[in-house]
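Taken in order, these protein sequences are the chains called A and B.
Numbered according to the numbering used here, the first sequence spans residues 1 to 143.
Numbered according to the numbering used here, the second sequence spans residues 1 to 636.
Derived by calculation from the structure, the hints in this document are not laboratory data.
Backbone N, C-alpha and C fix where the C-beta goes; we use that ideal spot for every residue, glycine too.
Listed below are several chain A residues computed to face chain B (Cβ distance under 8 Å; list not exhaustive):
#, residue
1, Y94
2, K110
3, R113
Restricting the straight-line Cα-Cα distance to at most 25 Å, the calculated cross-link-like pairs of lysine to aspartate or glutamate (DMTMM-like) are:
#, chain 1, residue 1, chain 2, residue 2
4, A, K48, B, D118
5, A, K30, B, E105
6, A, K120, A, E34
7, B, K76, A, E139
8, A, K141, B, D127
9, A, K102, B, D127
10, A, K120, B, D127
11, A, K30, B, D127
12, B, K102, A, E140
13, A, K77, B, D118
14, B, K102, A, D135
15, A, K77, B, E117
Derived Cβ-Cβ restraints for the label pairs, each shown as a range:
#, chain 1, residue 1, chain 2, residue 2, range
16, A, N56, B, F193, 36 to 46 Å
17, B, K116, A, Q101, 27 to 37 Å
18, A, C84, B, E84, 40 to 50 Å
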Amino acid sequence: MKAFIIILLLSLSSFASDSSLNLQVKILEKIISEISINKEKIIWSDNKEISKAIENHKLLQTTPNCKKATIMILQDKNNLPKECSHCAIFVLDYALLSQVQKSFGAFFWKKGRPNIVILKSRLKSLLIQASSDLDPYLEEKVW
Amino acid sequence: MVKAKEFFLFLMLFILGVFFIYIYFFIKETQEEIFVKMQKNKIEDVSFILKNIEETLVTKNSIFSEEDLVSYLSNKHNRTNYEEMIALFITPNIKYIYLLHKDPENRFRFLLDASKEDKANFYQKFDVFNQEYELVYKTLKPQIIQQQKMQNLYLTYLYPIKSSNEIIGILSVDITSNIQSEILELLKPLETFFVILIIFIFLLMLMTIMQVFHYFITRKKIFTDPLTQVYNRNYLQEITPRLNLNNYSLAMIDLDHFKVINDIYGHKAGDAILAKCSLIMKSSIRDNDILLRYGGEEFMLLLYNRDSKDNLSEIYERIRKNISSHIFTYEKHKIEMQVSIGVHEYPASEKNLNEAIKVADKMLYIAKKEGRNRIIYHKESSKTTEISNSKDIYFVKQAIEEDRVLCYYQPIYECSSGEIFKYEALVRIIDINGQIIAPMQFLPELKHTNIHYKLTKRILSLVFDKFKDSSLRVSINMNFTDLINKDIEASLIDTFSSNPSLASRVTIEVLESDEIQNSALFKEKVKLLHSYGATVSIDDFGSGYSNFKSILDIEANYLKIDGSLVKNIATNEKDFKVVKSIIAFAKESNMIAIAEFVHSSEVYDKLSELGVEYMQGYFIAKPCERLLKRSELFES
Numbered sequence: 001m002k003a004f005i006i007i008l009l010l011s012l013s014s015f016a017s018d019s020s021l022n023l024q025v026k027i028l029e030k031i032i033s034e035i036s037i038n039k040e041k042i043i044w045s046d047n048k049e050i051s052k053a054i055e056n057h058k059l060l061q062t063t064p065n066c067k068k069a070t071i072m073i074l075q076d077k078n079n080l081p082k083e084c085s086h087c088a089i090f091v092l093d094y095a096l097l098s099q100v101q102k103s104f105g106a107f108f109w110k111k112g113r114p115n116i117v118i119l120k121s122r123l124k125s126l127l128i129q130a131s132s133d134l135d136p137y138l139e140e141k142v143w
Numbered sequence: 001m002v003k004a005k006e007f008f009l010f011l012m013l014f015i016l017g018v019f020f021i022y023i024y025f026f027i028k029e030t031q032e033e034i035f036v037k038m039q040k041n042k043i044e045d046v047s048f049i050l051k052n053i054e055e056t057l058v059t060k061n062s063i064f065s066e067e068d069l070v071s072y073l074s075n076k077h078n079r080t081n082y083e084e085m086i087a088l089f090i091t092p093n094i095k096y097i098y099l100l101h102k103d104p105e106n107r108f109r110f111l112l113d114a115s116k117e118d119k120a121n122f123y124q125k126f127d128v129f130n131q132e133y134e135l136v137y138k139t140l141k142p143q144i145i146q147q148q149k150m151q152n153l154y155l156t157y158l159y160p161i162k163s164s165n166e167i168i169g170i171l172s173v174d175i176t177s178n179i180q181s182e183i184l185e186l187l188k189p190l191e192t193f194f195v196i197l198i199i200f201i202f203l204l205m206l207m208t209i210m211q212v213f214h215y216f217i218t219r220k221k222i223f224t225d226p227l228t229q230v231y232n233r234n235y236l237q238e239i240t241p242r243l244n245l246n247n248y249s250l251a252m253i254d255l256d257h258f259k260v261i262n263d264i265y266g267h268k269a270g271d272a273i274l275a276k277c278s279l280i281m282k283s284s285i286r287d288n289d290i291l292l293r294y295g296g297e298e299f300m301l302l303l304y305n306r307d308s309k310d311n312l313s314e315i316y317e318r319i320r321k322n323i324s325s326h327i328f329t330y331e332k333h334k335i336e337m338q339v340s341i342g343v344h345e346y347p348a349s350e351k352n353l354n355e356a357i358k359v360a361d362k363m364l365y366i367a368k369k370e371g372r373n374r375i376i377y378h379k380e381s382s383k384t385t386e387i388s389n390s391k392d393i394y395f396v397k398q399a400i401e402e403d404r405v406l407c408y409y410q411p412i413y414e415c416s417s418g419e420i421f422k423y424e425a426l427v428r429i430i431d432i433n434g435q436i437i438a439p440m441q442f443l444p445e446l447k448h449t450n451i452h453y454k455l456t457k458r459i460l461s462l463v464f465d466k467f468k469d470s471s472l473r474v475s476i477n478m479n480f481t482d483l484i485n486k487d488i489e490a491s492l493i494d495t496f497s498s499n500p501s502l503a504s505r506v507t508i509e510v511l512e513s514d515e516i517q518n519s520a521l522f523k524e525k526v527k528l529l530h531s532y533g534a535t536v537s538i539d540d541f542g543s544g545y546s547n548f549k550s551i552l553d554i555e556a557n558y559l560k561i562d563g564s565l566v567k568n569i570a571t572n573e574k575d576f577k578v579v580k581s582i583i584a585f586a587k588e589s590n591m592i593a594i595a596e597f598v599h600s601s602e603v604y605d606k607l608s609e610l611g612v613e614y615m616q617g618y619f620i621a622k623p624c625e626r627l628l629k630r631s632e633l634f635e636s
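Isolated chain B, as found in the complex (with noise of 0.2 Å):
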């Protein structure tokens, strides 16, 4: 929008500059009416006495051709008597008084000259060059030439002097004024003033054009992502007051496992995908849908509605569909790349946009949770019930800029020694009701969000302040995502270096999912971890996509065992049989198998009998924000 500011300013110095020029020229145009009048004043005043010449000289003399006119004034004492009676008429304006005639050559010749100053001989050639002598013969009637400053003369009045109506003469007057000239110069400065007065509102008003020349470039610039080319939260932020949402259905976009594409292929790949999602987003929409990053990875889609013929679930999933079918490449790798789609069809019904945004954001992590590539709608029921008991991202954020989050530590138990071998730090948050939520109601919500690091960069932050100074071990949970991630490496590295006695005591839990499939990669951390003495655990062993000869390749040193299979194995013999092949496998792997969830005394006497070193569950000890120590295991 420009501003109506700079519109009406532009709008107001137009009309002062059309006013300031049309008073210029009506100044001017006074001035010429002035000058009109008061030469035609003169010119009445002259024209009276060159008449009384006339008649005095013709009628009184019976001169009734050019010849008789020339051959009374070749008479010295005639030509004398008329030039003296001329030259009482001359005066400081009227400069000169002379008659001419014009030969059988055509060239004009004095008779008569009655000036005081620059006076000619009788029939002396007289040049002239302006057409007006001969427009006198021609129409025989007095003509007025303007001199153009021409030795200080005005103006050139010629009288025919007629005999029959015939011209046989001229009676030139050549007036000189200063009046004209004075008033010039007194009208001067008033006409500098004007013209001033216009350059600076002209100057004004080219300024005005260029700030809202300005504008327009800058607004581009201002309200569009360069990456993507579509346009930024800045322009949300612009037409927010005036977006009618009853006009659309929102829908927040959001990129699958793109933090992925950055971590394995870089920036560079990731923006460039990023790129190219936007372009076919844009071409899977309509001209007046508006398309927005967001930020990072997630776009805002508004669908305007109000185009009956379109289907607008049909344009949503043509999105999905658009992306999930194109092959991104990227120095030579093909990119797979898919969306989470959630929408809010009704955004009017929320109070503003930002509560439907959010409600749209809720959907498009149902859609994560429920295994991506989807598109889900806002429903009522999906309102009350997915969304209930799970914590959103803001929740998260809010807690962690208000330094809310804490960890607890589960102590993992030794049965040979009977000691605390380590703790595992389990990350909590207080709401601000004081209430302890645990990762459940909120983790969900984090995957693959930049809120997800920045929660396991303070989980780290915290567990290194608690154990940097002690000689205790401890684990700290982190998914594949997290470990490969630059910001989280370089603070591991940070402090591992800085603190090689508590890089020896840590131990890297990372989550055994589908995740780990560039094997590689995460064999690489791992030999990273270890270098600096750190140990690493596969957490949840058995649960997930299980790749034994992956898990070998990967090295770890610790083999969690899932807890799904660890809490039944006192009563269900497959999984008994199968935490027994996994405590084999680690053994075999030279790995160490931990037991998580041992609820109960039946669940440790079997993992006893089973012959597993290490254990964690309530029955041992609940996790309890400081670190327990020995004699108060198995006290539940």
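This is chain A alone, in the form it adopts within the complex (with noise of 0.2 Å):
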């Protein structure tokens, strides 16, 4: 967990250096990388952005067909394939996890900070594991 944060907060610090757009997908790949799915984790994005940087960094394979894809990162409801739906869904605002109910977790800024927040409950429904690192931003629902 202290590795987590640790990476965090260097993502935090480095923020000024590092564009946004590196950090947070600095970020989610270290989430995506800290459950697992019993399944292969291929990536697929409603942003087209983050996709080509996951892509780049090839920490995780990634497809530019959702229907490949065993996790998605959806940034707009409206992007969200119907055929995809098999996916486990990450958000990338705190309020489509209310319009979302697949998706198990969000990653988003809130006051300029970087804030992530796992549902417990759609992890167990979704039967994804997460590692104890993942514990500080459990949470049992949405508020």
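Assembly of the complex is requested from the two constituent chains, each provided in isolation within its own frame, with the hints serving as guidance.
Written as structure tokens, this is what we have:
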């Protein structure tokens, strides 16, 4: 857990020098690497910049076809393809957690600070395991 | 000496650099102070607002614990009321005001959020990473977080909401301010100006340091003789203005017969010996003595005389002995070397250093004249007697430079024909008063000096010029060292090659002396002259170290009987016998005997009696600037 906080702190301190997108992608990669979905993690995102950045980092596998994806990073609810509803969904807005029932967590900026929320109940229902590093971010519900 | 100018410049630049650094940091500090004051001011304002909010919220609503607070604000109506109230304080600079509460799991959650944008839900988790949030709980005091350009946030002010001296929540205010950045922007050109100025000054300082460093590097090269690694004359010039001659004894040291070493073994051998000699000299003197190469094989030594425990004459003697006892080796050759030293013990008594050097130089010439390998100290008597009649090296040097060297010609008379057989060229110098100076007054001083070679070259040039287009014969005097000198040899070859007629009319008269040690080399040079048709005469035969076999080996054409033997032939039986033997030896050896110093009819008659065919002397004719004719002989 400490390592996770450190990476967040480092990310935060390097905020000035690193681009916002790059920082966001690093945090997302870290979160996704801390969960297991019993399947190969193949990422698809409606945010093409994030998708491209993850692809470039080569830490996680990405796909341009959401049907082949196992994890979806969703920025806009309207971009959620119906045929891809099988994916575990990670959203980029706190409000989307309520709107997209299949989403299990969110990464978003609140008052200029990066925030992470992982919903315990949805992890359970989606058969997703999260490492203890994510414990500080686990929430019972969306407030 | 490092130039004071460079030091002054460096010092000025350093002071200027320090001054500008001080100004730079002063501006920075002032800037910080302005920010701190502005921050303090802003926080004070905010603090009053937050205090009012706290009072309103806690006191008016009888909130005593965190639970009470959460419970009270769980009511949407209450929340809306307070959020509307707090929102009144939102300004362009105060971006967010929100109330946080730490839940039992130590997570911060929003209870109120009066922000107009990016508004959080009630009880939504808020991830915080700064320790100041915890410090509020520990210290019960407000905390300030300086934000690092985070989404335009400048600072966050954390105000504890207390009840019964316990923290029940934190009112957090995020302040964005453009004033600071505006001030920074305004000050940036000034800051940049100072940074550039400081860099520029430091570059100049670096250049000055490099210049001084370069000066030290080149200084050594400029003042050191590369061959001997002792100081050179540049150094003497540098120290002369500061040199207190009262503290020194001055000596001029010259390597004896050094030219011979150069001529016989080559310049490389000469260089090696020079370097070794200077090493020996350096090891024979003390640290505070100054040794420098004055020129060629001549060294100048300034012995520090303020150290009473050292006897200076012992040091001079040590130098002489150390060099004479050392066996120099060059390419399997074992070479012995000696030095002559002229000392001026009180150089300060002279007008200046140059005058003192002249005196020491004269002592050196006396040392040379007296047989070399010795030290001559300057005494008042030596100054007046030894030097009075003799002309020094500078006299000759000046005469050469001012074209005051000329030749007189003395006829050599052929007794059988009654004709002038040839002329002997005899050097003269016209002094600045127009007086003719005889060679006896300046030649001894010149022996083995470069000036001697220059003088020989000048004589050759004068004689060749005079005889090149005539049919007359001429004899030119030379030392053995002249003959083996490369420059003179080149000059002879050059003239003889271009004018074979002149070559056939020239006789080189070489003085028979101790210097003709290397007869093989002498023979080689004679052969060379013969190859161009020139003839060779052994001069002053009978006076020196006559070795009949060597003379035979040399295969000279003429044998000139020494004048000191000839002049007494009429009165001294022994001299008569010696001259008679020499004439017989010359005849047997196919050499023509010439008698010089024929100063009277008695001598002339005696020589005629002995069958001497060629004669010269005052009885026949005195040397004259022009070429005398047959009819002008025997006039005196």
